[in-house]
Amino acid sequence: MRVGLLGRKVGMTQIFEADGTAVPITVLECGPCTVLQVRTEERDGYHALQLGFADKKRKSATQAERGHARRVDAEPKRYVREIRQDGPSDVAEGQTLTVEVFGAIPRVDVIGTSKGRGYSGVVKRHGFKGLRASHGVKRMHRHPGSSGPSADPAHTRKGIRKPGQYGNARITARNLKVVRVDPTNNLLLVRGAVPGPNGGFLTVRQTNKV
Amino acid sequence: MQNHLMEAVEQSSMKASVPKFEIGDTVDVHVRILEGEKERIQIFNGVVIAKSGTKTREMFTVRRIVQGEGVERKFPVHSPRIADIVVKRSGKVRRAKLYYLRNLSGKAVRLKERFPAGKATPAEAKAAKAERRAQKAAAKKARAEAAAEAKAEAAATVKEE
Chain S
2 MRVGLLGRKV GMTQIFEADG TAVPITVLEC GPCTVLQVRT EERDGYHALQ
52 LGFADKKRKS ATQAERGHAR RVDAEPKRYV REIRQDGPSD VAEGQTLTVE
102 VFGAIPRVDV IGTSKGRGYS GVVKRHGFKG LRASHGVKRM HRHPGSSGPS
152 ADPAHTRKGI RKPGQYGNAR ITARNLKVVR VDPTNNLLLV RGAVPGPNGG
202 FLTVRQTNKV
Chain E
152 MQNHLMEAVE QSSMKASVPK FEIGDTVDVH VRILEGEKER IQIFNGVVIA
202 KSGTKTREMF TVRRIVQGEG VERKFPVHSP RIADIVVKRS GKVRRAKLYY
252 LRNLSGKAVR LKERFPAGKA TPAEAKAAKA ERRAQKAAAK KARAEAAAEA
302 KAEAAATVKE E
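Residue numbers (my numbering), protein chains in the order written: chain S, 2 to 211; chain E, 152 to 312.
Derived by calculation from the structure, the hints in this document are not laboratory data.
Bear in mind the structure is a predicted one, so any value in this text is a computation, not a measurement.
Some clues are possibly wrong.
Said to hold, decoys possible - Which residues of chain S face chain E? A partial, calculated answer using Cβ under 10 Å: (1) T14; (2) I26; (3) N186.
As the list claims (entries may be wrong) - When the alpha-carbon atoms are kept at most 16 Å apart in a straight line, the in silico EDC-like pairs for lysine to aspartate or glutamate are as follows: (4) S:K57 x S:D74; (5) E:K189 x S:D20; (6) S:K57 x S:E76; (7) E:K258 x E:E300; (8) S:K178 x S:D110; (9) E:K166 x S:E18; (10) E:K202 x E:E173; (11) S:K210 x S:D110; (12) E:K166 x S:D20.
From the three backbone atoms N, C-alpha and C, an ideal C-beta is built for every residue, glycine too.
Build the full structure now, drawing on both the sequences and the hints.
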């Protein structure tokens with residue numbers, strides 16, 4: 002079974018190892034997740050587990066969401082995602098998965114939505130250096146400069162980095178080390194940063210990076 | 152938002168009790184050092200000139216003068232490598248960061264002593280001063296004796312020749 006769970010980012014801090022090394026960690030509140038549906042090859046064309054995390058008020062759920070949750074005797078969920086599986090799994094619909102599933106997993110991928118930065122210029126969005134502060138530069142200090150050659154090819158090449166919407170996109174932080182699993186508080190501690198704001202919803206799965 | 156969860160994690164990495172010390176205190180920081188297989192404790196003595204951060208991220212900066220050169224080390228309060236922090240002397244200071252000490256040298260670096268349990272009675276202050284004087288005198292005497300001994304030895308060797 003490919004292990005995965007849904008959760009929420011709590012925040013970042015640091016903890017110490019026995020030898021005094023400080024480890025930067027992100028605290029994730031992971032699970033418990035209800036298995037809302039099991040996707041199978043025969044019916045759906047692929048294997049996956051559909052998980053739900055965090056209850057939604059019944060009155061703010063649609064009729065369809067309520068019906069889908071009722072099928073497995075659960076409340077409608079705020080965050081529903083699928084975890085792809087390689088083959089048929091032994092997990093049944095309606096079952097609850099907790100953070101303990103990560104007990105033997107050394108590394109995970111964390112998928113989330115990055116913080117939205119709106120319509121951003123090239124300095125923020127692509128790390129351009131901008132133009133000089135003096136020596137004749139006039140009101141162009143954070144501009145991209147040239148976007149390509151002139152008469153030949155007479156147009157801007159495709160793929161040139163430009164200003165535009167930055168952030169608020171699906172981001173996968175891959176191969177993060179699992180530092181600690183805390184089943185009493187449903188916490189998963191991973192080394193390093195994960196996408197999104199504190200309190201943002203996340204999908205955590207066993208890494209597919211080898 | 153989910154502060155109680157954060158609390159639980161940070162609590163797990165914090166020491167149960169940390170010795171109380173203030174900005175301006177002269178402290179001995181006991182640092183665990185690994186030398187090959189063996190562990191020993193090294194003491195770094197100096198004045199606490201700054202504290203920063205909270206919880207597991209709390210740090211403090213200690214400044215001392217080594218051979219006329221200022222040396223500063225910054226330690227994490229909750230690091231397991233810090234075995235102990237012993238307050239040797241409390242300094243009377245009026246700000247939270249003593250970065251101005253970096254621009255001072257010699258006698259100007261000294262801080263006035265503070266007596267943590269309220270104001271020092273004149274008698275106490277006098278006693279402390281007397282003790283410091285006695286220490287200084289003792290050190291001077293020891294130095295003088297050592298010098299005299301060295302001189303005598305030198306004279307003896309000359310005589311032998």
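Against the structure, the hints come out as follows:
no. : hint            : verdict
1   : T14             : holds, 6 Å
2   : I26             : holds, 8 Å
3   : N186            : holds, 5 Å
4   : S:K57 x S:D74   : holds, 14 Å
5   : E:K189 x S:D20  : holds, 13 Å
6   : S:K57 x S:E76   : holds, 7 Å
7   : E:K258 x E:E300 : violated, 30 Å
8   : S:K178 x S:D110 : holds, 9 Å
9   : E:K166 x S:E18  : holds, 13 Å
10  : E:K202 x E:E173 : holds, 9 Å
11  : S:K210 x S:D110 : holds, 9 Å
12  : E:K166 x S:D20  : holds, 14 Å
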